[in-house]
Every structure is written in C-alpha cells, then in structure tokens.
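Protein chains in written order, with the working numbering: chain A, 1 to 91; chain B, 1001 to 1371.
Hint data in this document are derived by calculation from the structure and do not stem from the laboratory. Just so you know, these numbers come straight off a predicted model, no measurement behind them. Ideal Cβ placement from N, Cα and C applies to all residues, glycine included. Keep in mind that a hint or two might mislead.
What the hints assert, rightly or not - Within a straight-line C-alpha distance of at most 20 Å, the following computed EDC-like cross-link-like pairs (lysine to aspartate or glutamate) qualify:
1) B:K1180 with B:E1212
2) A:K84 with B:D1232
3) A:K84 with B:D1260
4) B:K1215 with B:D1232
5) A:K22 with A:D36
6) B:K1180 with B:D1152
7) B:K1244 with B:D1302
8) A:K62 with A:D37
9) B:K1215 with B:D1170
10) A:K84 with A:D68
11) A:K84 with A:D36
12) A:K22 with B:E1057
13) B:K1180 with A:E88
14) B:K1347 with B:D1241
15) A:K84 with B:E1219
16) B:K1244 with A:D47
17) B:K1215 with B:D1151
18) A:K84 with A:D73
19) A:K22 with A:D4
20) A:K62 with A:D73
21) A:K84 with B:D1302
22) A:K84 with B:D1170
To be verified - Looking from chain A toward chain B, a few residues come up when the C-beta cut is under 8 Å (computed):
23) K22
24) P29
25) E30
As the list claims (entries may be wrong) - In silico negatives: residues of chain A with every beta carbon more than 12 Å from chain B:
26) V6
27) D19
28) P66
29) V75
30) Q76
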Amino acid sequence: MTPDPVFAMPRGVRMRWDDVRKTHVLLGPERALMLDDIGHAVLAEVDGISTASGIAARLSEKFEAPVDVILPDVVQFLDGLRVKRLLEVRS
Amino acid sequence: MNQPLPPRRIPAPAPIAMLAELTHRCPLACAYCSNPLQLLDARRELDTQTWARVFREAAALGVLQIHLSGGEPAARRDLEQLTAAAAQAGLYTNLITSGIGLTRARLEALVEAGLDHVQLSLQGVTAAIADHVGGYKGGFDRKMALAAEIDDLGIPLTLNAVMHRTNIGDLPATIDMALKLNARRIEVACVQFQGWALKNRSALQPTRAQVEEAKRVVEDAAIRLDGHLVIDFVPPDYYADYPKACMGGWGSTGLNVAPDGRVLPCHAAEIIPHLRFPNVQDTGLAEIWRDSEAFNAFRGTDWLPDACRSCSRVTRDFGGCRCQAMALAGDPFAMDPVCRHSPDRAKVDALLSEETSGDWTYRRMGKTSGP
Chain A
1 MTPDPVFAMP RGVRMRWDDV RKTHVLLGPE RALMLDDIGH AVLAEVDGIS
51 TASGIAARLS EKFEAPVDVI LPDVVQFLDG LRVKRLLEVR S
Chain B
1001 MNQPLPPRRI PAPAPIAMLA ELTHRCPLAC AYCSNPLQLL DARRELDTQT
1051 WARVFREAAA LGVLQIHLSG GEPAARRDLE QLTAAAAQAG LYTNLITSGI
1101 GLTRARLEAL VEAGLDHVQL SLQGVTAAIA DHVGGYKGGF DRKMALAAEI
1151 DDLGIPLTLN AVMHRTNIGD LPATIDMALK LNARRIEVAC VQFQGWALKN
1201 RSALQPTRAQ VEEAKRVVED AAIRLDGHLV IDFVPPDYYA DYPKACMGGW
1251 GSTGLNVAPD GRVLPCHAAE IIPHLRFPNV QDTGLAEIWR DSEAFNAFRG
1301 TDWLPDACRS CSRVTRDFGG CRCQAMALAG DPFAMDPVCR HSPDRAKVDA
1351 LLSEETSGDW TYRRMGKTSG P
C-alpha cells in the first residue's frame, strides 16, 4: 500500500441510510455492512480525491481529536474495506 | 400429511436479503440445480406488476439486497422491467445468471435499469467440461463471450463456480479464470446435497482428498490474491464434524420467493411436509415474515433436541440445516445428521462409503420423480 493512499468507492458499492434499522449501511456484492456513526463519518469523506491523511485531518477538526490518533484508525478501517474489495485505492 | 405444527410467533429482526426465483425455466440442466425437483412452468409465474409490488414490500420490510435468480432469470422477457422495479424500490440488485439469453444490448438495458452486480455461474473451465455439466452444447462459449461484455461495460462481477467431483480438480484454473474475467469475487461453492444434487449425489460427491486439496488451494489463493480477488469458499458439509449455520438461522436473515409467489425460508424448504408456504398473491410479505407458520417453525433454538440446546455451538450453527435433517433423518426437528453428535451421523457416513456413479440425471422440466 502507498504511504498515503487515496481511497475510492468502486462501482457496485454504495452507502445509504436504512430507514428500517435507522442506521447507515454499506452495500456491495453479497455484502451489507451496518455502519456505526464513526464508520459512516469516515466513509462520508471517501471521495476518490482525498488522501487518508487528508481525511484524518478533516475528521480531527470535526471531532476535535488529535490527527495522529485518528489517522491509524482511519487507514486500518479503510484498508479493511479495500481487502474486501468494497473500496479501491487510486494511484 | 404430517400433523400441523403448534402455533408459534418468535420475534425476528428484519431480513437482509431476498432471493427472487423469477422462473424455473433454464436452458441449462445442471444436475445439482438448487431448484426443487417439482419445477413450475411459465404459466405459474408471477407477472411483472406482482413482482414489482413484492420488491416494494421487501424494501419496506428492511430487505437491502435482492438476488434476481431462477432458473435463468434472462428467460423472463421483462427482466429489465423487474430490475428497474427492484432498483426503484431502493434495493441493491444482483443478477444471478448463467449468461445464456443475455446480450450486450440487454446488459446495457439492465445497467440503465439500475443493476448493481452480476453473479455469473461457471460450470467448468473448458467447453468440454462446462457443456457436459450444464447439459447445453455451446453454452461455455456463449458464457465467455458474455463475460467479456460484462467486463467491457465495467459491471461488477462475481464468478460462481459450483464444484463437485468432476470439476473440483480444476479449482486453480477456476480461480485463474476469475482473474482473467476481471471478477472481483469468486464463490467456490461445493455442491450442497439438497433437491437435484441429493438425487445425483453419488455422481457429484467429491472425495475427502479432493476436498482437502481444494481447501489448501483456497487458503493459498486467499493469501496470494489478497485485495485483488475475494474468495468465498463453501465446503461440502458431509466431511465436516459440525453442521453449517444454514441461512444464518431459520427465518433470521433472508427469504426466498418461488416463481409462483410462495415464500420460503430457504430454497430447499419444500421438502419439509410439515410446512405450508404462504403466497405473496394473497398475503403481504411483512405478515409472512413475522407471522407465518413456516417462518416461525424453526426460529430460535427452543424447539431443538436437548443435546443441541445444551451445546456450546448452538448460537453458531442453530442445530444446522432443517432440510438436511428432513432429507437424511426424516425429521425436520432432528439434529443435523452431519453433526458428529447426531444419532443419525452413521447415515451420512454410509452415504460417503457408497459406491460412486458416473452418471447423473439432468435437471429438466417434467422429470420430477423424487430421489
């Protein structure tokens, strides 16, 4: 993986609000993940342009938390989705 | 006919996925088809408007993903309209197809209608094997041509490779095929012995050595292809010590609508004679899910034998597969006979030690005699 990857949501993967379960869900091929607020906040920043550190910086401001604490969690979360092919990394 | 079941109503979460068997018609004749032995002809199929209503009811109930399946769903001329109706209902739409009956023009129309993903079946990695397994000459070449169109249109693709004694040795080539076709995901699904597959078990059953080798190949590939290809492996449970968690628990995550509108907790459930299946033509989907006898029959674990209820695995496998208990033990309330603690385990072992057969009966309409 590149040191500061740019994550993107590929075709066939989307996030939406589930009004029955009152939660955000990430839908992909044979996958439906219920997202907690943090998962949703991170994925909402995935735009195919921002680097992971850019996303962490924005979240750091939004949640008033130190960026060096947030960044490893953000990368770990997003990379876990990449392994499941629910996200891709743009170079 | 068996005694009716005592009334039960067990609370359940909303279902996540719905399998819509749009038709039983199919040009292929795979001997392991998951459709029931009693196939329905076109006259019994729900019409476009009824399916569209069912999709809306499913979405309102909490279903997130719809699997448009069959038979071969492309045998429905209104597949594009049905896909549009599912997408408009807000469902993630997955088309489960052999590819036969689809063209580039139809694929483009399906994408336009909102199709999210295609799951393409693979019967074998060469025309000789695939056409023999599917019982359809020329099927492999047409499938490969369609796979190229799917790739060209950028439609997310899963390859669904059903494995059995005849083709499980080709697993490495099958995984290579998934990479060649730019699939994101491959399902390596060893035949589960229900319906047609149970009828043809002696011709389909892989050997223990084949299964061990397949597990090794999958483990290897999963590491090598991490992040490139998702591999989901469904091992054959006859060689396992414990049963699979069928459907993630009866009536807990998914439902299945047959071509004529009957709603089943799983596609094989028709073999359980104790159950009556409600129909979307006269009952709402939410009511069927919440209140019907069929969906409540095996919800929870209180109905299981004592040995299951006191077992630490019960929250993982829920006593296993009800249809398998019916098929092998003759009792849908019994422990899944695959379990090493089952008094019926010897029946599974006896099947495994039976002589194998080189012949299978192709799945065809009209050939409906039981196993």
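Hints not upheld, ascending by number: 1, 3, 10, 16, 17, 19, 21, 22, 23, 27
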